[in-house]
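Peer 1: Sequence lines, in order, name chains F and E.
Per the working numbering, numbering through the first sequence is continuous, rising by one, with the last residue being 98.
Per the working numbering, numbering through the second sequence is continuous, rising by one, with the last residue being 1148.
These are calculated hints, taken from the structure and not from any lab test.
The reader is advised that the hints may include incorrect statements.
As the list claims (entries may be wrong) - One-sided excerpt, in silico: chain E residues whose CB lies under 8 Å from chain F:
#, residue
1, Asp848
2, Pro849
3, Lys852
4, Ser854
5, His858
6, Asn1084
7, Arg1085
8, Asn1087
9, Arg1095
10, Ser1099
11, His1100
Here a beta-carbon is modelled for each residue, glycine too, at the ideal position from N, C-alpha and C.
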Amino acid sequence: MRLHVDDARCAGHGLCYAGFPDLFGEDDYGHAVARAGELAGADVKDAQTASDNCPEAAIEIEPA
Amino acid sequence: MSVDPLPLTSVEERARDPHAYFAARRAEGPVQWLSEPGNAMPTAVIVDGDAVYEALHSDAYTARGSVSYGRTRPIIPTHVDPPEHTRYRRLLDPLMKHSVMIHLQPHIAARANRLIDGFIDRGGCDFHDEFAVPLPGATFLGLFGLPEEDLDFLLDFKDHVMRPPGETVEAQRQVQEEWAGRTEDYFRSLIARKRGGDGDDVITSLTRAPGGGQPLTDDELVDICFQLTLGGLDTVTATLGHMWTYLAAHPERRAALIADPELIRPAVEELLRWSTPVTAVKRRATRATEAAGCPIAAEQPVLISIFSANADPARFPDPESVDFARQPNRHNAFGGGIHRCLGSHLARIELITAVREWHARIPDYRIADVELTYTDASAIRTVNPLPLTWTRP
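Put together the whole structure using the sequences plus the hints.
Peer 2: Shown next as structure tokens:
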């Protein structure tokens, strides 16, 4: 599974990178950047929590 | 869809018990109509949660011309639409992002402690005047790189422009215009002093020509200063008041935060949702549109009720209940879409820091036995005064 942030939807609330800094970074504008690579183990649950809490529904978990 | 205008006496109820008020409104329909003096058309008040979310993201609405604050120019960026709006956000977002705002954290913590030093031995304080007002005010001194002696003027200007005293609308307008003019002069002189300097405050940063783009004009810089000041003071004051109102009444929840500081961040989010101090945002339809199937005409004034959305049981089960472990908690207390609150990262840092610093010094306190007074002028719901008492250390 892979993490994806839809930058067109992202409004820079920053809940994802504040709550899960191992999974999300902050770009120059305070928008979220998804960590690249395969999601495994506890990361999957954290990614789902981040996605569920995004006020813009901008976080997707995609099959690899 | 209700077409009868809301009675004005309901305004007091809305401030005192917004959960009950908006539950009643949502039961009547997703959109309500409010007659406001001076407006030819009634205001469409959107109260349904999904319709609020849609309205926040719709390009059919603008905030241009919604509130003047005694000026003829817009506040930037709220009163601007794309594409110009996008340019301003791309200049401002990098200066207000979390990794930059976090540098103010020690300054905020130090000020919180200094304020507490001023009343801890008294065994009580008026939380609103003695903590909730000066803390964000002092934060702005750090954000703008201002001297301590400018704090009173900043707070005075903000009060006179947002809540102008006066017996008539005309009298109030005159006060607003006078104070807006005085503040324009202050900001212009500040910008001239900061220009070309090497400070790392937000004003100096804005005067530097941004890479590859047009530099901001003095007018634009003043408009931005108004936005930041009007957006960042009363809002944080109001939020602090609601948070402490809840925490004062729930000692076991306070104890949980002290025992596990990791809980502070989600607790702040839940208290933001529950209190939603910026209860609504004002807009105007730029073309005919609809909200939850209700037709909205071009030029219709619109009030997007964020409080109602954050209290909608369709989006948040048991919405009146404060649950620090609420999952998910996808609230819109900072708005959403392109006008997402520019200061949201700074606000969260202020709120989290205030909770941590206060409870390390004053873990046990309660509200003195008075009935609390709520107002929601300018759509910012505030509790004032908020007398707290504790056992003297």
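Peer 1: Go through the numbered hints given earlier and state which of them the structure violates, listing their numbers in rising order.
Peer 2: 5
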